[in-house]
Amino acid sequence: MAYKIKKGLAFRRIAGEVYIVDAARCEMRELNGTASLIWEGLAAGRPVAAIAAGLMAEFEVPERTALADVAGFVKDLAAAGLVEAVK
Amino acid sequence: MALRPVARRPGRAAAGFGLKVAGQALNFESYQPGIISVLRRRYGAFTGKAAGGYRFSLTAAPGSQSPFRPAVAASGDRLEIGRGDFRAVIGPGRKAELTAAPSEQTLDAFLRSFLSFLLLRAGGFMLHSAGLVKNDRAYLFLGKSGAGKSPLSKLAAAAGLEVISDEINLVRPGSNGFRAYGSPFWGEMRADGRPGSWPLGGVFLLKKARRNRVSGCKPVEALRLLLRCAVNFDRAPASAALALENGAALLAGAAFRRLEFSKADGSFLELI
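Protein sequence lines correspond, in order, to chains A and B. Residues in the first sequence are numbered consecutively from 2, following the numbering used here. Residues in the second sequence are numbered consecutively from 266, following the numbering used here.
In isolation and in its complexed conformation, chain A is listed as follows (with noise of 0.2 angstroms):
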């Protein structure tokens, strides 16, 4: 299943962290090295699976674990109300 960041989000990578502003909430969110990788993956449109295909390049890790590391933080930026399944 493919998602998107939802609409009203504001984010910027500084200092080699993305950091999330939700404007109408005023909530900010800050997210590490790995999850920031998983989340400019996201922004830019691209499934699960190539998401996971980057972190596999970047930290040599097996597919299965990527694969399970991407979709557990999608699940997780989902419960929160930052990205929304694409249908």
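Please note: incorrect hints may appear among the correct ones.
[What the hints assert, rightly or not] Derived SDA-like pairs: lysine to any residue, alpha-carbon spacing no greater than 25 angstroms straight-line:
#	chain 1	residue 1	chain 2	residue 2
1	A	K5	B	A506
2	B	K528	B	A412
3	A	K88	A	V62
4	B	K483	A	L38
5	A	K8	B	R493
6	B	K483	A	K76
7	B	K483	A	C27
8	A	K8	B	Q330
9	B	K483	B	G388
10	A	K76	A	T66
11	A	K8	B	E369
12	B	K285	B	R489
13	B	K314	B	E369
14	B	K483	A	E28
15	B	K409	B	P298
16	A	K7	B	F498
17	B	K528	B	A474
18	B	K285	B	A339
19	B	K472	B	P502
20	B	K473	B	A503
21	A	K8	B	Q289
22	B	K285	B	Y296
23	A	K8	B	K314
24	B	K472	A	A16
25	B	K409	A	D23
26	A	K7	B	L507
27	A	K5	A	D70
28	A	K8	B	R343
29	A	K8	B	K285
30	A	K8	B	A336
31	B	K409	A	C27
32	A	K7	B	R489
33	A	K7	B	A506
34	B	K483	A	K7
35	A	K5	A	A86
36	A	K5	B	P502
37	A	K7	B	A503
38	A	K8	B	P502
No lab work stands behind these hints: they were computed from the structure.
Dock chain B against chain A, hints included.
What follows is chain B alone, placed relative to chain A:
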């Protein structure tokens, strides 16, 4: 509060007042001289006119401060800012109308709302902070209520340093880096402030403590407090994106450190 055009009164001249803060010029004109007198009394230290400034047609009208938080709506070349006791419509060509209760509190709330909007779009911020000048450079101390902005400012003033503001400071990029500008917005010290600008020497995350100490801080801590201390009533995503962009530039352009200070005396000033 309904917005109405200023009623022209034959044979009666309009009163005017020009204000210049942080490089932004705002000119007000009204056929109700009482509200212009309020502006003069409150912002007289920042009197100034500049070509190309905003031109407000000002009308006095009663109103309550509820809702208290101003609402901002920007669309194309039209901006509306309002709360219970004021409503401003800024249109093309910097021509604008402001209907407001003739009180210092109301006009202050409008100016904070509008200038914070302009500063964000000029690459800067209006910041909840204390600001002081040392060795011709400005230092800002970020902190929300209770962080110690006013005690720090009073100790700095007692030590003979110039305080820019103990509550709201204005910062924007200049040709040689960020500069802090004189602020008419004050807290407990209730001073007038004065126009002027100083190169930004550094930004401190402020915390009251028993001992004075300066230490480093992580970018995430600095950015989080910077955005929390930024005055911004515009809830639009584009405004949040600007705040992030300006925050990144300020983090890159100024040294951010943490200051723990004791309000027992002004000895912490030696660490600045």
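Q. Holds or violated: are the alpha carbons of K5/A and D70/A at most 25 angstroms from each other?
A. 17 angstroms, holds
(Q) Please verify whether K7/A and L507/B have alpha carbons no more than 25 angstroms apart. (A) Given that 25 angstroms is the threshold and the Cα spacing comes to 18 angstroms, the pair holds.
Q. Given the hint that K7/A pairs with F498/B, does the C-alpha gap stay at or below 25 angstroms?
A. Within the cut-off at roughly 22 angstroms; holds.
(Q) Given the hinted pair K483/B and E28/A, is their Cα-Cα distance within 25 angstroms? (A) The given pair, whose Cα atoms are some 19 angstroms apart, holds under the 25 angstroms limit.
Q. Holds or violated: K472/B with A16/A, Cα cutoff 25 angstroms?
A. Holds - the C-alpha atoms of A16/A and K472/B are around 24 angstroms apart, at most 25 angstroms.
Q.
Between the alpha carbons of K8/A and Q289/B, is the straight-line distance 25 angstroms or under?
A. This hinted pair is violated, its Cα atoms lying about 32 angstroms apart.
Q: Quickly compare the C-alpha distance for K8/A and R343/B to 25 angstroms and report which way the hint goes.
A: Given that 25 angstroms is the threshold and the Cα spacing comes to 23 angstroms, the pair holds.
Q) Quick one, are K5/A and A86/A close enough, alpha carbons at most 25 angstroms? A) Between K5/A and A86/A the Cα gap is close to 6 angstroms, so the pair holds against 25 angstroms.
Q: For the pair supplied as a hint, K409/B and D23/A, confirm whether the alpha-carbon distance does not exceed 25 angstroms.
A: 20 angstroms, holds
Q: Decide if the proposed pair is consistent with the structure: K528/B and A412/B, CA atoms, cutoff 25 angstroms inclusive.
A: 11 angstroms, holds
Q: Could you grab the alpha-carbon distance between K8/A and R493/B and see if it respects the 25 angstroms cut-off?
A: Cα-Cα ~22 angstroms, so holds.
Q.
Just to be careful, I want the Cα atoms of K483/B and G388/B compared with a cutoff of 25 angstroms; is the pair within it?
A. 22 angstroms, holds
Hints 3, 6, 8, 11, 12, 15, 19, 20, 21, 23, 29, 34, counting from the list given before, are not met by this structure.
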